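*Asks:* Next come the chains, spelled out residue by residue.
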Amino acid sequence: MEAKSERAPIRKSSGTLKVTTPSDREVAMTRVFDAPRRLVFKAWTTPELMKRWLYGPEEWKLAVCEFEVRVGGKIRFEWRNREGKSMGLSGVCREAIVPERLAFTEMWDDDWTGGETLVTIVFTEDAGQTTMTQTVMYSSQAARDGALKTGMEAGMAMSYDRLAGLLTSIE
Amino acid sequence: MIETLRALGEPNRFHIVELLREGPRPVGEMVERLGLQQPQVSKHLRVLSEAGVVDVRVDAQRRIYALRPAALKEMEEWLERYRRIWESNFQRLDAVLEELKTKEKKRGSKKRKSAN
Chain C
1 MEAKSERAPI RKSSGTLKVT TPSDREVAMT RVFDAPRRLV FKAWTTPELM KRWLYGPEEW
61 KLAVCEFEVR VGGKIRFEWR NREGKSMGLS GVCREAIVPE RLAFTEMWDD DWTGGETLVT
121 IVFTEDAGQT TMTQTVMYSS QAARDGALKT GMEAGMAMSY DRLAGLLTSI E
Chain Z
1 MIETLRALGE PNRFHIVELL REGPRPVGEM VERLGLQQPQ VSKHLRVLSE AGVVDVRVDA
61 QRRIYALRPA ALKEMEEWLE RYRRIWESNF QRLDAVLEEL KTKEKKRGSK KRKSAN
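Protein chains in written order, with the numbering used here: chain C, 1 to 171; chain Z, 1 to 116.
Looking at chain C on its own, in the form it has when it is part of the complex (with noise of 0.2 Å):
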């Protein structure tokens, strides 16, 4: 189950923010926090706590948030900017095991990734430090062209997820 996201050299990077490819439709980022994964899945499971650091590029900001942490439950996101331009998608929560794996479904209000996306994270902790994996799998390859075809400012930003891959697949 994790040894397949070793198949892509890692780069290393700015942060310590690490891209990986563990197949054609998937994209995978893993980071290191220095906490236990009790408090990171809390974080990126609570409102609150979510628009205080789940922004967009340019400082959209997280405006609207509701995840219900339970198989079904319903989840909405709709970042913000400056000039009060919103941008949203909605999702179902697909799996949900606290404090170790999060999946949920993603659609573009403006499907501008022409399907659903589902995102996967897994959590492990070590030593008090936890390891998330973040995986984006695309439903199609229909859904994976849509997401090459916006122009949109913040389309953009999320269709770098294949591109990641091929980047530091090789380097």
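There could be a bad hint or two in this list.
[As the list claims (entries may be wrong)] Straight line, CA to CA, 30 Å or less: simulated DSSO-like cross-link-like pairs of lysine-lysine: (1) C:Lys74 <-> Z:Lys103; (2) C:Lys51 <-> Z:Lys105; (3) C:Lys51 <-> C:Lys74; (4) C:Lys18 <-> Z:Lys101.
[As the list claims (entries may be wrong)] One-sided excerpt, in silico: chain Z residues whose CB lies under 8 Å from chain C: (5) Arg63; (6) Ile85; (7) Trp86; (8) Glu87.
Quick caveat, the hints were computed from the structure, so don't treat them as lab data.
Note that this is a predicted model, so its numbers are computed, not measured.
All C-beta atoms in this analysis are idealised placements derived from N, C-alpha and C, irrespective of residue type, glycine included.
Keeping the supplied structure of chain C fixed, place chain Z upon it in accordance with the hints.
*Replies:* Same frame as chain C, but now just chain Z:
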């Protein structure tokens, strides 16, 4: 840039670019490595070439394809921006976690520590 992304959105073209990261390649060799038909590979290469991702030169009978450094550099810059967005999110998350830890420590002594 959009053209580049669109070109790379197709898995086989993505693989071609991955192959070319190792160095310039003649078409024949890519056909072999990808396990596709020659016309398919040529079609993908044409799309990549039109998007400015690859260059071709003819060497005797062979057409040799190579990645264009400019296209890659552009992509590197994009990637760097993507990275920055997520890294600054995670740095903010670091700060939130520090705060949670401190709070927990304050209350900590009476409550049991671990729930995992």
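*Asks:* Are the hints correct? Go through all of them and say.
*Replies:* Quick rundown of the hints versus the structure:
1. C:Lys74 <-> Z:Lys103: Satisfied, since the Cα-Cα distance of roughly 29 Å is no more than 30 Å.
2. C:Lys51 <-> Z:Lys105: Judged against 30 Å, a Cα distance of about 23 Å means the pair holds.
3. C:Lys51 <-> C:Lys74: 17 Å, holds
4. C:Lys18 <-> Z:Lys101: With Cα atoms ~24 Å apart, Lys18 of chain C and Lys101 of chain Z stay inside 30 Å; holds.
5. Arg63: 23 Å, violated
6. Ile85: Nearest chain C Cβ about 5 Å off; hint holds.
7. Trp86: Cβ of Trp86 of chain Z sits 6 Å from chain C, so the hint holds.
8. Glu87: 4 Å, holds
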